[in-house]
Amino acid sequence: MSGAAGGISELLDDVPSSRRYYAWLAFVAVGLLIGAYGVLTTLIQGTTTLGLTDQVPWGILISTYVFFALLSTGICIGITSLSSVFGLSKYDPLVKRGIFLSLITLAAGGLVIMAGLGQPFRAIPQMLLSPNPAAPMWWMIVLYSIYGGALVAEFALIDRFEEPSETVSKTVAVVALVAPILAGAMLGAIFGTAEARPYYGGMFASVFLLVTAVASGVALIAAVTIVERKFSSATQAVVPEELITNTLGKYLGVMAAAVLLLTALRHVFGLVATSDSLALAHQEMLFGGMGLWSVGVGMLLGLLVPMALMAYPKTRTVNGVLAASTLVLVGMFASRFEFVVGGQITALTADNFHEFPVASYVPSATEFAIVIAGIALFAMLYTVGRELFDLNELPHHEEETMTHTEAVTDGGQDDE
Amino acid sequence: MSSEPESLDAQMTAELENGDLDDEGVDLSMVIDLQRCTGCAACNMGCASENNLQEGMAYSSRIIKTEGQFPNVSYEYTPTLCNQCEDAPCAEGCPTKALYKGKGNITMHDHEKCIGCKACMVNCPYDEIYLNKEDPHPTWEIEEAAIENGTATPKQVKERAGVDEENAPAYYNPNREVSDSEHPTRYKGVVEKCNFCVHRLEENELPRCVEECPCEARIFGDLNDPDSKVNEILGQYNEDVLKEDEGTQPKVKYVRDYNGGSYEAGVGEPGLSD
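Quick mapping for you: the protein sequence lines, in order, are chains A and B. Anchor point for the first sequence: position 390 equals 390 in our numbering, and the numbering is continuous, going up by one each time. Numbers in our numbering are just positions in the second sequence, counted from 1, shifted up by 416.
Derived from the structure by calculation, the hints contain no laboratory data. Here a beta-carbon is modelled for each residue, glycine too, at the ideal position from N, C-alpha and C. Possibly wrong hints are sitting among the right ones.
Not everything, but these chain B residues come out facing chain A in the computed CB check (under 8 Å) [stated by the list, open to error]:
| # | residue |
| --- | --- |
| 1 | 510 |
| 2 | 529 |
| 3 | 547 |
| 4 | 630 |
Away from chain A, derived, C-beta distances all over 10 Å, residues of chain B [stated by the list, open to error]:
| # | residue |
| --- | --- |
| 5 | 472 |
| 6 | 543 |
| 7 | 590 |
| 8 | 654 |
Here chain A stands alone, though its shape is the one from the complex (with noise of 0.2 Å):
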């Protein structure tokens, strides 16, 4: 691991000093500021600063939460667990990055739902003296807790031991598998569990979630390798050009195809239903106030526009592999939205205290100033977490796993 060694002072060198990286930090700093404004308004105000209403009681917040945690969750399975869980050595030089990234895609996940609980300081305790085992939401705390402590461990094996047991690595990486599997399938069953809401789908929610999750995990670790290396030669080094163009952009345009057949299929199914209520709420949020943001972003410049970028060859070069997988991040993050608030916007009853038949929420600037807090804590954990760790250094294998290096290498030059 000679390229691990120096690792920390390579890229401390690398650190650029120039002008653009004081606006990065200076521009991290401002979304920390609007962020924590947000956070403690809410904090200290209550809920009462979000725009939610008693029938849209999820909006934008719970959308970003789930966009954060799947994008850690589709990180770890879709990226890490391939090099750390199956030996497929090619993707060894993003394992690192990866499950720091999913650490802190967590950690801003978390913190945005927090922020938007009605009892924050209690959430810990009561999930702990006070446990339901009935809902998919306990069990999908507890999985995500143990998926947290299951990266933290794969980090430090990575970054403290020079030879770390390859039993308990393995271990460790069959855990921080299963678990974002099982906790991202208990966070669609939130969703899939309200029968009173067709629109999530039942148990599809459940595997629609994970799929997209790959998919915005993929993006993103595509995009902040590529941006890193721009920046860092020691990046450069050990990221070849062929992984992100080769593999990572045709894997991102797949996995876009088949978030488009999944969204698309959850539309028109939802468009002929017989349920009026379920038709209304596909029409609401495809052809009515929402539709800019759930088709044009979500759909057309998040999925289709990245997926024919990354089917043509010309354009399946690194800065295309990039603007694909910033797309389809925004266009995630809008495909949450639609996903979270597309169940709630047809009114359940013409109750006279509600809005009847559609129910209207827009979120609050509170509400994007929490987001906000949340891209900022990301933005500025990775800042921090580049300098302090060589995100660099390549997982260790043992030798059975280094041969299979050569099989695998040999198998990518068969796809080309």
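With the hints as your guide, set chain B onto chain A.
Structure of chain B alone, referenced to chain A:
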């Protein structure tokens, strides 16, 4: 002539007095007679006053449906409240068991365990759970009088009344403190819903909406008591529940659907003013 028949309220209160809310197997239910209900909304007013509900929150509400075009118009008024479902999706999805099936098989809510995650609101098919986005009674802190130099400000009233802010804020409701089922002080960040006025049931009083109803349209009692008034009515008339397909098995049932074209006479002895 026999002596004057006991009022429905008196009969139902007697049932409460003879039973024990804490007994296992008590299964409380409310039957609403839609022919008797005039849509006066006394239930809603009574509920709001009993539970100190602020504007925009109604444990007891109604669904009004007007269909057709004049002169062929149908008007349907359905009083609503938490259905106290047997298979309650709100309780099932609550991560901290803040919502649970409690005494009398009522779907209870423990304010102290609620984390304000709002999963129950998403799971409830009836939109019967509300979130206290802000403190329900902030008006007592207001220093502005309704009529300047004419009325006292809420803050002055609170001070003159010698309110002990520490132990009993102005909106402290001792009625809600008869047991540990309810919190005497409502506060922000938690959800709330109807619990059949459990604080009243514990004192052998009927839920406030039942008591307030001037038409005796609300019949309340134990489904597991074969002699209860609810069982008598349910034996005579076909029952309806809201959104039966959801499979939640509501304990709030409706009889004699209000429709000008049909009037269900019921079977056996005259029941509801037949």
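Verification of the hints:
1. Below 8 Å, beta-carbon pairs count as interface contacts, and residue 510 of chain B has one with chain A at about 6 Å; its hint therefore holds.
2. Using the Cβ-Cβ criterion of 8 Å, the hint placing residue 529 of chain B at the interface with chain A is satisfied: the shortest such distance is roughly 5 Å.
3. Taking 8 Å as the C-beta cut-off, the interface hint given for residue 547 of chain B holds, the closest approach to chain A being about 6 Å.
4. The interface hint given for residue 630 of chain B is broken, as the beta carbon of that residue sits about 20 Å from the closest beta carbon of chain A, more than 8 Å.
5. Taking the minimum C-beta to C-beta distance to chain A, about 7 Å, the non-interface status of residue 472 of chain B is violated against the 10 Å cut.
6. Annotated as non-interface, residue 543 of chain B brings its C-beta within 10 Å of a C-beta of chain A; the closest such distance is 5 Å.
7. The claim that residue 590 of chain B is not at the interface with chain A holds, since no C-beta of that chain comes within 10 Å of its own (minimum 24 Å).
8. No beta-carbon of chain A is positioned within 10 Å of the beta-carbon of residue 654 of chain B; the least distance is around 22 Å.
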